[in-house]
Amino acid sequence: MPVVKAVSCPVCGSLCDDIELTIENGEVVKVKNGCAMCEAKFLSHRSEHRIRKPLIRKDGEFVETTLEEAIRRTAEILAEANYPVLYGWSNTSCEAISVGIELAEEVGGVIDNTAVVCHGPSLLSVQDMGIPSCTLGQIRHRADLIIYWGCDPWSAHPRHIERYTAFAEGRFEKSAWRGYMAKIRSLIGLKKIRSAAKRLVLKEPSEIEARLKPTFVPSIAREGRKLIVVDVRRTKTAEMADFFIQVEPGKDYELLQALRALVRDQELEVDHVAGVPVEYLEEVVDAMVSCDFGALFFGLGLTMGGAKLRNIDAALSLIRDLNMRTKFVIMPMRGHFNVTGANMVFTWQTGYPYAVDFSLGYPRYNPGETSVVDVLLRGESDAALVVASDPVSSFPRKAAEHLARNPLIYVGPHMDVTAQVADVVIPSAFVGIEAPGTAYRMDHVPIPLKKVVDPPEGVLPDEEILRRILSEVRKIKREKTKAEAA
Amino acid sequence: MVEKHKLKVVLLTGRTIEQGVGKELGKITSEYAESVSVCYMDPEDMKKLDIKDGANVQVSTAFGSVVVKAKKSLRAPHPGVIYIPYGPWANVVVDPETHGIGMPTFKGVPATVEPAPDKPVLGLSELLKQQFGKG
Ligand code: SF4
Chain A
1 MPVVKAVSCP VCGSLCDDIE LTIENGEVVK VKNGCAMCEA KFLSHRSEHR IRKPLIRKDG
61 EFVETTLEEA IRRTAEILAE ANYPVLYGWS NTSCEAISVG IELAEEVGGV IDNTAVVCHG
121 PSLLSVQDMG IPSCTLGQIR HRADLIIYWG CDPWSAHPRH IERYTAFAEG RFEKSAWRGY
181 MAKIRSLIGL KKIRSAAKRL VLKEPSEIEA RLKPTFVPSI AREGRKLIVV DVRRTKTAEM
241 ADFFIQVEPG KDYELLQALR ALVRDQELEV DHVAGVPVEY LEEVVDAMVS CDFGALFFGL
301 GLTMGGAKLR NIDAALSLIR DLNMRTKFVI MPMRGHFNVT GANMVFTWQT GYPYAVDFSL
361 GYPRYNPGET SVVDVLLRGE SDAALVVASD PVSSFPRKAA EHLARNPLIY VGPHMDVTAQ
421 VADVVIPSAF VGIEAPGTAY RMDHVPIPLK KVVDPPEGVL PDEEILRRIL SEVRKIKREK
481 TKAEAA
Chain B
1001 MVEKHKLKVV LLTGRTIEQG VGKELGKITS EYAESVSVCY MDPEDMKKLD IKDGANVQVS
1061 TAFGSVVVKA KKSLRAPHPG VIYIPYGPWA NVVVDPETHG IGMPTFKGVP ATVEPAPDKP
1121 VLGLSELLKQ QFGKG
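First to last, the protein sequences are chains A and B.
Counted the way the numbering used here counts, the first sequence spans residues 1 to 486.
Counted the way the numbering used here counts, the second sequence spans residues 1001 to 1135.
If you're looking for bench data, these hints aren't it; they were derived computationally from the structure.
Each hint can be trusted.
The list that follows gives simulated cross-link-like pairs (lysine-lysine, BS3-like), each with its CA atoms no further than 30 Å apart:
no.: 1; chain 1: A; residue 1: LYS191; chain 2: B; residue 2: LYS1071
no.: 2; chain 1: A; residue 1: LYS192; chain 2: B; residue 2: LYS1052
no.: 3; chain 1: B; residue 1: LYS1071; chain 2: A; residue 2: LYS251
Every beta carbon over 10 Å from chain B, so not counted as near; a handful from chain A, in silico:
no.: 4; residue: LYS5
no.: 5; residue: GLU80
no.: 6; residue: ARG142
no.: 7; residue: ARG163
no.: 8; residue: GLU169
no.: 9; residue: ILE188
no.: 10; residue: LYS191
no.: 11; residue: PHE243
no.: 12; residue: HIS272
no.: 13; residue: THR347
no.: 14; residue: GLY351
no.: 15; residue: GLY458
no.: 16; residue: ARG468
Note that CB positions come from ideal geometry on N, CA and C, so glycine has one too.
Take these sequences, add in the hints, and give me the full structure.
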């Protein structure tokens, strides 16, 4: 059985490129090195839930149609619309995104990518403040302190810790894995001793605690990489941390500013900030300023609530302050595998990373006005094309409601939630499994995606589908101008 | 704060590994629906409402109301905080306001939870029909 090595995983922004796939009869049958999400995706290309034929809604029900018919209908909807939205793009190749932007310009629509509901606030803040960053390779080999703030890589980027940070075996920094295992063992041991003691000695639990405590040395005291996690819940990632700061929901901004003060050797005249004892924060700051190379990764815990982009301002400022004392970098944990690529291609072609409005014939960018959720909440769009994304399952109901009211076209491999309420559904090949392309990792390194199997018969890659839609739109417009001239 | 078996909480939405795997398997799979039509609660909060793991609860905010299954959080303690994975059920109750920057509020929405033993958790297509009249 042929085994294909060094395949990149098209799921999350970590873009692990060491996946090995076993192919049998044109299907992926075994996935090696990937995490659970990676395996689910590579095996899902043969799932029964795939769309294999284009669909058009007639009298409320889907009926199968030809690709030509579906593309013609799509082009008509887009060409007739006054203010269509073209949304998605984070789960496809840079090459397809590039055609999508051309199409948006041609139809005078608003084009936006999923950054708008994940790291959009981070992009805004970075535009204001700048960002000191580096590649993940640098962090893997050199960082001796890792901070995850408002993100849970164990759940969302499962191999991030093992490949790039605390548990990675770097050239100059060793993996903290063994230390972590020792900690787990001692914790399990401690639990056993505790329950045995409770049963045997029948003492008050607090008395037992007091006796056990001195034997339990926090692992922050040990050598090697250190891990700090800041989150509102004790996540799986938090359990691995040397320091876990449980911040009260919505109080990240306060906490970041308090840390900034401590980094600058200022005194805090309170006992607690955001529900955390100041003494504990002082210890954390000691670890931060005494490291040689620190890296802070932040997630949607900072962008999706509370002060949103102001949280990011504060985080970038904290890193700026830390750079007065040691070396520190910061990076957003990008979710979809090519959301970074979407931001890149948008910026090359329009000057802006997301939320671009072509309705005046030139690109305009004003998140809050030209961002897709706002366009939908104001009920302004009159058609929608969704490519490689599932907004009906990720937008607040009120925004999704307007989207579903629009003539809605869905291009993607799966019968997603959006596909189920769409009017035209065009199946596409899985980029990175059935079609090649380029994607950008979260640290802005471009990674090639491989084609390892053929797509189902008649199913094309996004790029090709978009090219056909674009040329059909141009044809309709030419016909219209001709008719008007006559 | 308990008033007539109703608990005031802060709603967070976010990723779980089950949701991550479910979304890759395909969104009409029952794995996906089961992974996102739940609400993780602090065990103490569940005691206050007198509900067991797997009981139906109604989560309401200023923006909507949805019935999901309560699950004991493995990430406790987080009293007064409930967690619903990203998905169509969570979207019914999150805050669409973007505060002029394009980003709705998916985390930190004031909400109430109450037991709903007589109300069903809708399946995906029923939910879509109810919310959008399509699907
Ligand atoms: S961590 Fe992300 S990129 Fe790596 S295997 Fe898992 S899903 Fe794929």
